[in-house]
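Residue numbers (this note's numbering), protein chains in the order written: chain A, 11 to 165; chain B, 520 to 919.
Please note that a few of the clues may not be correct.
Simulated restraints, written as ranges between beta carbons of each label pair [as the list claims (entries may be wrong)]:
hint	chain 1	residue 1	chain 2	residue 2	range
1	B	G810	A	P107	23 to 33 angstroms
2	A	S156	B	G810	58 to 68 angstroms
3	B	S526	A	D138	15 to 25 angstroms
4	B	D532	A	A73	49 to 59 angstroms
5	A	A43	B	H692	27 to 37 angstroms
6	A	D138	B	A814	28 to 38 angstroms
7	A	P70	B	D532	15 to 25 angstroms
8	A	A151	B	P734	50 to 60 angstroms
9	B	E628	A	D48	56 to 66 angstroms
10	B	T557	A	W35	44 to 54 angstroms
11	B	T726	A	T24	44 to 54 angstroms
12	B	K552	A	G152	23 to 33 angstroms
13	B	L727	A	P140	32 to 42 angstroms
14	B	T726	A	D48	46 to 56 angstroms
Partial pick of chain A residues on the chain B-facing surface, computed with a CB cut under 8 angstroms [unchecked claim]:
hint	residue
15	F61
16	Y64
17	R122
18	T125
By construction, these hints were calculated from the structure, which means they are not laboratory data.
Note that the structure is a prediction, hence the values are computed from the model and not measured.
For each residue, glycine too, the CB sits at the ideal point set by N, CA and C.
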Amino acid sequence: MADEQDHRIEGKITRAQFPLPDVTWPATAEFWAGAARDELVIPRCDGCGRFRWYPKPECPACAAEPYSWVPVSGRGTLFSWVVVTHPFLPQFADLVPFVPALVALDEDPGVRLPTRMVDCDPDALAFDLPVTVTFRPIAFAGVDGSVPAPMFVPA
Amino acid sequence: MTTEPGSWGYASDFDDITGQVAICGVGDSDMSKASGRTTQQIVGQAVERALDDAGLEPRDVDGLMYVGMPEQFDVAAFHEHFGTDHDIWESRRGGGMTGAATAPYYAAEALRTGRARYVLNTFGVAWATQRGEMTGGPGETHAQDLFKQNLEIPFGWFPQPVYFATIARRHMHEFGTTEEQLGAIAVACRRHANLNPAAVMHEKPLTLERYLASPKFVDPFRKEDCCLISDGGGAYIMTTPERAADAPKRPAIVAGVGLGHASTGTHWAQQPAFTSTPAVFSAPAAFRMAGVTPADVDLFTCYDPFTIVTLMQIEDSGFCEKGAGGEFVAGDTLHYDTGTLAHNTHGGMLSHAYVLGISHVVEVVRQLRGEGTAQVADCEIGVYGGYTGPQCSTLVLRRG
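Please build the complete structure, drawing on both the sequences and the hints.
In structure tokens form, the structure reads like this:
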């Protein structure tokens with residue numbers, strides 16, 4: 011029983027590339043490696059065949075540990091989105107306005123990808139709108155480098 | 520698109536502690552924007568006031584509860600503040616958020632076994648003062664999560680206003696909830712704050728028209744949909760109902776406690792019941808223990824980081840059907856005098872202060888005594904709903 015509360019504030023983020031992803035972090039390295047070759051890959055449990063998103067060490071459905079990264083179509087539907095006009099981090103200053111979104115994958119709508127809608131009129135977005143992946147660099151003001159990432163456009 | 524309870528979370532299996540714990544004293548600190556005070560100074564002030572309220576001396580406190588966050592008021596801080604050195608039972612299963620509701624559950628055993636006679640629960644923050652040092656302000660705790668760092672934040676899905684605006688938009692789609700309905704929650708809390716001299720937003724009125732005219736900074740949210748960032752804290756003192764009968768003030772009796780969990784934690788994007796909270800697990804358990812139904816409740820306070828979180832907790836706690844929350848809160852339903860479900864009568868985190876729920880419990884006790892600044896008529900049963908995301912808790916208090 012998880013009675014101890016989970017609201018520790020352990021310290022500042024010291025990684026200089028924050029809020030770029032750490033493409034070397036083992037749990038998600040394959041995700042970013044896939045994006046670098048224009049491929050959307052999602053972990054699938056070797057035990058039960060279900061997608062395991064996020065890639066936790068143990069499958070919440072069958073408790074198996076091993077999983078494999080498999081390519082998916084990159085098609086999905088728009089589950090929800092917001093239009094951000096206030097930069098919550100200084101690194102987001104050059105980004106606003108932008109449209110963070112959750113996309114439900116066609117292969118399993120229970121898998122919701124946090125992503126960004128691009129090349130679209132925010133007023134024309136709609137729930138369950140068919141969308142398709144496009145790979146775009148993530149970059150932030152004052153942060154060196156950029157990382158190709160799966161973003162989405164209306165299909 | 521709701522998910523069957525049980526498939527995405529569960530309730531803690533709590534023993535029945537109804538009638539075993541009473542709250543005999545409450546206090547809160549001055550509430551403010553950045554004050555330059557430390558958390559311990561803030562909580563120390565709240566504790567002094569709670570002791571006065573209970574008619575107790577510092578050395579009477581032999582139990583202390585808080586939550587495992589930095590700078591909380593632990594035994595060392597207590598002794599430093601009051602110049603005492605006596606033996607004190609200590610537990611980290613208290614504090615604000617969900618702990619403000621569940622602390623009495625864990626205090627019950629200490630009181631029953633005689634390990635402690637008077638158990639103090641406290642919480643405080645100096646987040647308005649510390650804001651500039653934190654990544655995304657109170658988003659700091661989320662920024663530490665490596666899955667968020669690598670799968671959410673790079674896309675700009677961060678911090679809390681973005682998460683909950685995403686949930687609000689989906690709730691609007693699934694159930695037809697409107698901006699006017701979310702606004703009704705903000706307006707009710709503000710009206711209560713306008714009546715409460717201790718509220719940070721005491722002098723700032725808010726009408727629905729003004730709410731709707733306010734710009735959306737994370738569409739569909741306006742700043743009025745979001746809680747304040749504050750310096751402040753609170754405290755309450757628990758004992759047995761027998762000892763509480765001798766206290767100067769009328770006690771509040773703990774009638775029911777529940778704790779619900781969501782298996783997806785703070786990864787809200789992956790929560791199957793995206794537009795629900797674990798109050799669907801905690802509330803029925805607490806009401807069952809208390810032997811009351813939502814219809815018996817005179818005052819519902821809840822942890823209100825965003826208007827949509829209030830709306831979902833009202834639904835999930837059973838005050839209306841799931842999805843009917845928007846219609847339910849519209850108009851003056853939540854107002855202390857003309858409404859049918861008085862809500863956050865001190866102003867809540869939206870308009871009183873962002874002290875993470877501890878002041879909600881303080882307020883419920885005051886209301887049960889008839890000491891509210893927006894006093895609910897004949898307030899007999901008061902509820903606090905705690906929330907962290909991964910957990911919801913429900914505390915049912917009745918007038919002693």
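Tested hints:
no. : hint                                : in the structure
1   : B:G810 - A:P107: 23 to 33 angstroms : violated (51 angstroms)
2   : A:S156 - B:G810: 58 to 68 angstroms : holds (60 angstroms)
3   : B:S526 - A:D138: 15 to 25 angstroms : holds (22 angstroms)
4   : B:D532 - A:A73: 49 to 59 angstroms  : violated (21 angstroms)
5   : A:A43 - B:H692: 27 to 37 angstroms  : holds (34 angstroms)
6   : A:D138 - B:A814: 28 to 38 angstroms : holds (36 angstroms)
7   : A:P70 - B:D532: 15 to 25 angstroms  : holds (21 angstroms)
8   : A:A151 - B:P734: 50 to 60 angstroms : violated (23 angstroms)
9   : B:E628 - A:D48: 56 to 66 angstroms  : holds (58 angstroms)
10  : B:T557 - A:W35: 44 to 54 angstroms  : violated (35 angstroms)
11  : B:T726 - A:T24: 44 to 54 angstroms  : holds (45 angstroms)
12  : B:K552 - A:G152: 23 to 33 angstroms : holds (28 angstroms)
13  : B:L727 - A:P140: 32 to 42 angstroms : holds (36 angstroms)
14  : B:T726 - A:D48: 46 to 56 angstroms  : holds (51 angstroms)
15  : F61                                 : violated (11 angstroms)
16  : Y64                                 : holds (5 angstroms)
17  : R122                                : holds (5 angstroms)
18  : T125                                : holds (5 angstroms)
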